[in-house]
Amino acid sequence: MYRHIKELQLRYTDVDAFDNLKLSSLLAFLEESACLSADELGFGYDDLAPAQKGFIVINTYVELYRTIKLGDVLTVHTWPLKPGHLIFLRDFELYCGQEKVGVCTTRWCMISTDKFVPVPASSFFTKDFFDSYNTERSIDFKDWKIPAVVSKDVVYSKLVTFSDYDHYFHVNNTKYADFMFDAFSVDELKGKILKSAQITYVKQCKEGERIDFFKEDRDGFHFVEGKVNDETRVQMRIMFDAV
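Under our numbering, think of the first position of the sequence shown as 181, with each following residue one higher.
None of these hints come from the bench; they were simulated from the model.
Take these hints with a grain of salt, some might be off.
Stated by the list, open to error - As a list, the in silico DSS-like pairs of lysine-lysine whose alpha-carbon atoms are at most 27 Å apart:
(1) K370 to K386
(2) K307 to K322
(3) K407 to K383
(4) K295 to K307
Produce the entire structure from the sequences given, and follow the hints as far as they go.
Next up, the structure:
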């Protein structure tokens, strides 16, 4: 069954102060693999752009079985699942050599790039387009709703600038991972490794907007929420393990 497989050598710039793969770098690897897979299958950026359509990711869940470190060679496997009316699923498996080190599942929607609103799968794909593709799941994850952060204390703020943008002229999904990790201090992250991370992208952020981040701990998780003028734009639920 179909899988796109890409091998990636971790660079010095892909890791944090503790030589662990940054979540933002991992998300960038996943996005790159997803885009290359879509190109391969005939619904990549160049295929959709003439029809004024594109894909944006709306939810991501990553689960790591061990930390991925500087010097590791990471191999990303990815494949799309048959979509529903509006939601497209794409799964990933992560390997270092023969060892499976993590899994990921993502939810995407197709948008009209002129109006930036969701459009149905049927507006581009035939009914049987995905019938021959892989139906295997990397992980059967369904808990997509992230509880709201109750705290009203701003722990970090970020002004959106040009370097945060992608080709849809909004903050790229990978950037939010760095923004939300900046809600933690170095001391808070010392001696901890990422076990799982879930991000919901609620609404796009644009140049000049200030995102205020709020944080709290609950039930073994850390929750981070980004708001613009009290409107929720992004949420993260994260769990760490001790080194």
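Name the hints, by number, that the structure is in violation of.
Number 1 only.
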